[in-house]
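For reference, the chains in residue letters:
Number of protein chains: 2
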Amino acid sequence: MSDEKLCIDYSQLESVYGPLAESIRRLVDVSIRTEADPTTIAAVKDKIDSATEELEASARPDPFGVQLTPDGQTIAWGNAVVGLRNPVAPPLVLHHDPDGLVWSEFVLGAPYEGPPEHVHGGVSALILDHVLGATAHRPGKPAYTGTLTLRYRRRTALGRKLRVEAHVERTEGVKTFSVGHVADEDGVTVEAEGVFIHPRQ
Amino acid sequence: MSDEKLCIDYSQLESVYGPLAESIRRLVDVSIRTEADPTTIAAVKDKIDSATEELEASARPDPFGVQLTPDGQTIAWGNAVVGLRNPVAPPLVLHHDPDGLVWSEFVLGAPYEGPPEHVHGGVSALILDHVLGATAHRPGKPAYTGTLTLRYRRRTALGRKLRVEAHVERTEGVKTFSVGHVADEDGVTVEAEGVFIHPRQ
Numbered sequence: 001m002s003d004e005k006l007c008i009d010y011s012q013l014e015s016v017y018g019p020l021a022e023s024i025r026r027l028v029d030v031s032i033r034t035e036a037d038p039t040t041i042a043a044v045k046d047k048i049d050s051a052t053e054e055l056e057a058s059a060r061p062d063p064f065g066v067q068l069t070p071d072g073q074t075i076a077w078g079n080a081v082v083g084l085r086n087p088v089a090p091p092l093v094l095h096h097d098p099d100g101l102v103w104s105e106f107v108l109g110a111p112y113e114g115p116p117e118h119v120h121g122g123v124s125a126l127i128l129d130h131v132l133g134a135t136a137h138r139p140g141k142p143a144y145t146g147t148l149t150l151r152y153r154r155r156t157a158l159g160r161k162l163r164v165e166a167h168v169e170r171t172e173g174v175k176t177f178s179v180g181h182v183a184d185e186d187g188v189t190v191e192a193e194g195v196f197i198h199p200r201q
Numbered sequence: 001m002s003d004e005k006l007c008i009d010y011s012q013l014e015s016v017y018g019p020l021a022e023s024i025r026r027l028v029d030v031s032i033r034t035e036a037d038p039t040t041i042a043a044v045k046d047k048i049d050s051a052t053e054e055l056e057a058s059a060r061p062d063p064f065g066v067q068l069t070p071d072g073q074t075i076a077w078g079n080a081v082v083g084l085r086n087p088v089a090p091p092l093v094l095h096h097d098p099d100g101l102v103w104s105e106f107v108l109g110a111p112y113e114g115p116p117e118h119v120h121g122g123v124s125a126l127i128l129d130h131v132l133g134a135t136a137h138r139p140g141k142p143a144y145t146g147t148l149t150l151r152y153r154r155r156t157a158l159g160r161k162l163r164v165e166a167h168v169e170r171t172e173g174v175k176t177f178s179v180g181h182v183a184d185e186d187g188v189t190v191e192a193e194g195v196f197i198h199p200r201q
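Listed in order, the protein sequences are those of chains A and B.
So for the first sequence, the UniProt record's numbering puts the first residue at 1; every next one is plus one.
So for the second sequence, the UniProt record's numbering puts the first residue at 1; every next one is plus one.
These are calculated hints, taken from the structure and not from any lab test.
Since the model is a prediction, treat every value here as computed from it, not as a measurement.
The C-beta atom is built at its ideal place from N, Cα and C for all residues, glycine as well.
Among the hints, a few may not be true.
As the list claims (entries may be wrong) - The calculated label-pair distances, taken between Cβ atoms and stated as ranges, are:
#1 38/B to 199/A: 34 to 40 Å
#2 169/A to 185/B: 32 to 38 Å
#3 47/A to 38/B: 43 to 49 Å
#4 186/B to 163/A: 24 to 30 Å
#5 140/A to 37/B: 30 to 36 Å
#6 54/B to 160/A: 24 to 30 Å
#7 106/B to 62/A: 18 to 24 Å
#8 96/A to 163/B: 33 to 39 Å
#9 49/B to 96/A: 43 to 49 Å
Chain A with its partners taken away, still in its complex shape (with noise of 0.2 Å):
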């Protein structure tokens, strides 16, 4: 690794790429919902795909995974739920408390639909499984998803306020029992237990 690699500010790349995949997530949302006529459309068309030869002129083949900092913290640019670079995701800030307790809240909009006006089941199941694995990192020591078991109470509205939160119950040698759930202000949607996997080096 050159020296100029290792001294990549990723608090001012964060400034740089950040607000273009927030643009990014505002042009997914309204591509959804936008009745606009056919002429329209292809001209929009044209601009985006011209738009994505110029970035593509300077694209990496690999996906942008997760990043190291000078000083040894992990960035996880792309990741599907987390991910401050990937308009997929929503994307998710979390918080870990000092008591273990890993949330964070957040409302999804149209590209997150299931059943009509309501987010897909297994949308919900993407962010249990992130917020679930959350709880069992370390630094330096990723943990993978062993098994994930979700039992559905009712569904999940999109355009709400929803809170995700989960910690851990026990751990036991390479292994993490955790819990969690989707709540909306009525209380608990989806509920979730997994446990997690820290593969001996």
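Mind docking chain B on chain A? Use the hints.
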């Protein structure tokens, strides 16, 4: 509902909105991999914001959800897994075999990343929830996820051909018990079983 609305030609709309979503999927993918400089990013962002504004001028406030065609078929335009109009959806094209097997073959790129260069475990959960659920759907009788259990055997790579499949094991009253898995060319990576419920009308 007006006659005009009843006469919407959905196959024609697919040919307008499908390519737009496909363009945005390419933009999403490239935006995660680009290393373009701040000046280029700013110019591209302006272009994207202008495209969003053009689409927003005629956007409905609510998501597009499930639309009904004149002949009573449902089209999940905005669905997070199969939605033709949803750039967040890969989208999966589901095949329903006469014996009840539901399957799809697909490749996932940068937007679906969890561990570096591998599919986010929660994305596999999202896809399995949808495909297991699809085994339980009947025309006009949607099924909702009751419980879903996932077992992760090993990691699933980005950029490789994947196959998901599911079938019904048994039904008990309003409950359908289904099983399925995600596999790559070397075999199963994630197994799932789920209980899906047809709400009493």
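Quick rundown of the hints versus the structure:
With their beta carbons about 38 Å apart, residue 38/B and residue 199/A fall inside the hinted range of 34 to 40 Å. In this structure, residue 169/A and residue 185/B meet the distance hint of 32 to 38 Å, their C-beta atoms being roughly 37 Å apart. For residue 47/A paired with residue 38/B, a C-beta distance near 21 Å fails the hint of 43 to 49 Å. Hint check: residue 186/B to residue 163/A, Cβ distance near 39 Å, so the stated range 24 to 30 Å is violated.
In this structure the supplied range 30 to 36 Å holds for residue 140/A paired with residue 37/B, their Cβ-Cβ distance being about 31 Å. Judged by the Cβ atoms, the range 24 to 30 Å given for residue 54/B and residue 160/A holds: they are separated by roughly 29 Å. At roughly 19 Å, the beta carbons of residue 106/B and residue 62/A sit within the given window of 18 to 24 Å. One distance hint, 33 to 39 Å for the beta-carbon pair residue 96/A and residue 163/B, holds here, with the actual separation near 37 Å.
Against the hinted window of 43 to 49 Å, the Cβ-Cβ separation of residue 49/B and residue 96/A comes to about 33 Å, which falls outside the hint.
The earlier numbered hints that this structure contradicts are 3, 4 and 9.
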